[in-house]
Amino acid sequence: MARIGICWGMLVLLLAAELAAARAGFGAAVCVAAILMVLVIVLGFMRILRGPPLAIIFALGGLFWLTILLALGSLDSFTRTVVPVAGAAAYGPVVRGGAAGQTKGG
Amino acid sequence: MSDGAVLDRHAPYETTLHRDETAIAGMWLFLASETLLFGGLFLVCLVYSQTRADGWAEGVRHTNLAIGAVNTLVLITSSAIYTMAVEAGRRGDNRRVMRFGLGAAVLGLAFLVLKGVEWGQEFSENLFPGPHFALHGPNARAAELFYSFYFLATFLHGMHMVVGIGLILWIGRKAHQGAFSAAWSTPVDVVGLYWSFVDLVWMLLFPLLYLIGRA
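Residue numbers (my numbering), protein chains in the order written: chain A, 22 to 127; chain B, 11 to 225.
Derived from the structure by calculation, the hints contain no laboratory data.
A portion of the hints provided could be inaccurate.
Covered stretches of chain B (chain A as the covering partner; in silico rule of three or more C-beta atoms under 8 Å from a C-beta of chain A) [to be verified]: (1) 79-90; (2) 118-125; (3) 135-143; (4) 161-174; (5) 215-224.
Where chain B lies over chain A, by a calculated footprint (3+ residues, C-beta under 8 Å) [unchecked claim]: (6) 27-41; (7) 50-62; (8) 78-86; (9) 94-103.
Chain B is faced by these chain A residues, among others (derived, beta-carbon under 10 Å) [unchecked claim]: (10) 45; (11) 67; (12) 70; (13) 107.
Even glycine gets a Cβ: it sits at the ideal position worked out from N, Cα and C.
Throw the hints in and build the complete structure from the sequences for me.
And the structure:
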């Protein structure tokens, strides 16, 4: 029971830290707090390390394929270079810091 | 089925331990597939929160942070309480399994009610994507995209909550019948894994929907 109470306390503290970081505009700190919360749940509530070896393999497999999904899925968007094109269509994609009419070039 | 029948029945597994470990591993395999289901949503968020950051952040700023934060606290507490039910199940304490399970289910229900209130506010403010979408200006389309993600993600998560609450109530009923013992409480464990996973998904959705980009 003490373990569960400690995990609950850690999660509440991390939630408070997350809210404070969001208010201060530290997006990276919010992400770190969220990942720590996930770790507390997986290790403290789900007790993956005490599970059968096959369960650990499945959990790591899920994490591996999630990494593949996110990495390959976002690769194209994050590696393109935005090149302004004169006279481009007004309905071109709006990109961060840019305006309508800019198009993306590879 | 009586306790004795469950305890003795392990075919086609070699032992009851093998049977129980397979059930646990099976749930982890299911959760791995769920990870990829929600992973697709996270990918959408990852891409559009970067490529259309201004509009995405405008959407984030319109979500109800107070309800989101309270709901996060409710879900953390629900997950902790159900973990106590798991511990009670391992000791064969059916009464506590039932009580803790009921507590976790009530908190899960509270989460859904609060989410319903929040959705009601958002519908009344015309934040559901469509021709009458409330936000205007250069970032309106990206904010609409955010709200498409928001409603899909919270609906999907809510459906998982409904299933989880149903499973917990089923566990409570079994505990009421005295089904679990120190030698066998695998269903309590398996449902606990599912409920913690639903909690875990919200721990990731909460910052994506309410926090990142708000300041």
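Enumerated hints in conflict with the structure, sorted upward: 2, 3, 4, 12, 13
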